[in-house]
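S.K.: If you want the building blocks of each chain, they are given just below.
Number of protein chains: 2
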Amino acid sequence: MTHMANRASIVLLSGGMDSATAAAIAKADRWKLHAIAIDYDQRARAELEAARRVAAFLGAESFRILTVDLRALGGSALTDDIDVPKDRADMGSGIPVTYVPARNTVLLSLALAAAETTGAEAIVIGVNALDYSGYPDCRPAFLEAFEQVAATGTKQGIEGRAPEILAPLVDMTKADIVTRGTELGVPFEHTLSCYDPVEEANAWLHCGRCDACRLRRKGFDEAGIEDPTPYVGD
Amino acid sequence: MTHMANRASIVLLSGGMDSATAAAIAKADRWKLHAIAIDYDQRARAELEAARRVAAFLGAESFRILTVDLRALGGSALTDDIDVPKDRADMGSGIPVTYVPARNTVLLSLALAAAETTGAEAIVIGVNALDYSGYPDCRPAFLEAFEQVAATGTKQGIEGRAPEILAPLVDMTKADIVTRGTELGVPFEHTLSCYDPVEEANAWLHCGRCDACRLRRKGFDEAGIEDPTPYVGD
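Same order as they appear, the protein sequences are chains Y and A.
Numbering that gives the first Met the number 0 numbers the first residue of the first sequence as 0 and each following residue consecutively.
Numbering that gives the first Met the number 0 numbers the first residue of the second sequence as 0 and each following residue consecutively.
Quick caveat, the hints were computed from the structure, so don't treat them as lab data.
Owing to the predicted nature of the structure, the values given are computational and were not obtained by experimental measurement.
Ideal placement from N, C-alpha and C gives every residue a C-beta, glycine not left out.
Wrong hints could be hidden among the right ones.
What the hints assert, rightly or not - Where chain A lies over chain Y, by a calculated footprint (3+ residues, C-beta under 8 Å):
no.: 1; region: 13 to 21
no.: 2; region: 55 to 67
no.: 3; region: 105 to 113
no.: 4; region: 151 to 162
Modelling step: build the complete structure from the supplied sequences, incorporating the hints.
M.R.: What follows is the structure, encoded as structure tokens:
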């Protein structure tokens, strides 16, 4: 892809390694980054701190936290009092309990509002369909449907300037993401993937056992790159 | 339309007469109503009180206010410090300053999350494309695009049970809405349309001059039905 230099994009940062890598790819592709992180009353509020660090590290033009109370709706181990599953044998099959209802639809709708307000021409999201196919809202068909929402439901869209949805990781494996992110200097040590992190000495440690930690570890293993993640018990 | 009795629906209530009428139509069509109202830091918080009254009056199974801070994004006279336009001559042409960026996308995404959590089979929204064509996210093309998002981006959708988007007012004039709502006993006197209401003696008066008030008045006029709205100066 070639772009005019430095057009504005809205980048959804979760604090995790995928969104950080997606943002770094957009930056390398000469997009200006306006970062937003969504606080949906997630238990892992450490993610918001990680998102802020990633935005600063990548030189984002702005960083804004938007709040939306998905917790009031319930329905997920990430926002409810359901236990985060550990060491589960069936990881990757079915829709996991950590799935947040309509999460990416909500995130993209807020990013779309931000894009419309700022005139941004793209929305960058770090979804990935390969390693974790249990999430329906990480698949290309969903992203294409959302692009139609942007094209039909906004002032920009009516004027033929609907923001593109950029999902540069959608077909990458976790190992690909680790490799590409490392090439681009993504500060993986500042990212947080864990669904159940532990605070220790003003830092957050990854549990190492939830689905997200195991995918993260596997990614570094398969990429043959040393894992800088601080895990519990290391 | 015929339906199995009493399937659950998520109803978006704004406190206004359109969403109240849409909800009443859904109820008449034997949908159970789970009402949600969205607090997007709108200046007219009186709308939330009106939404609660409407939900109670219509016998909704539940009423829940979800909060999302669209105001942080700016960009609309409904959420910003831009003046609400009064008595404007060009009402109905172009996209009004009161357009909230991506509002219906955000509202529907939260309703979709609620539908997924509760297993609701429909989302009811009171959008109307005829009288107020300046809002891009009130048109059938937008609603169809959002149905595709629901079909592709949710657990229900993957299982072939994506919620329908019901927009019973989409092709109605304001006068049609007044007439149908009156037939169904919608408590119009408890609804609030005004973008700039005035509190007086613990009640909210409509300003009578903003676009929303003028459309409302025109609707009652054209329907030949007495307008029960408390206006400033009446």
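S.K.: Take the hints in turn and mark each one as holding or not.
M.R.: Right, here's what the structure says about each hint:
no., hint, in the structure
1, 13 to 21, "violated (count 0)"
2, 55 to 67, "holds (count 4)"
3, 105 to 113, "holds (count 7)"
4, 151 to 162, "holds (count 6)"
Against the hints set out earlier in the document, a violation occurs for number 1 only.
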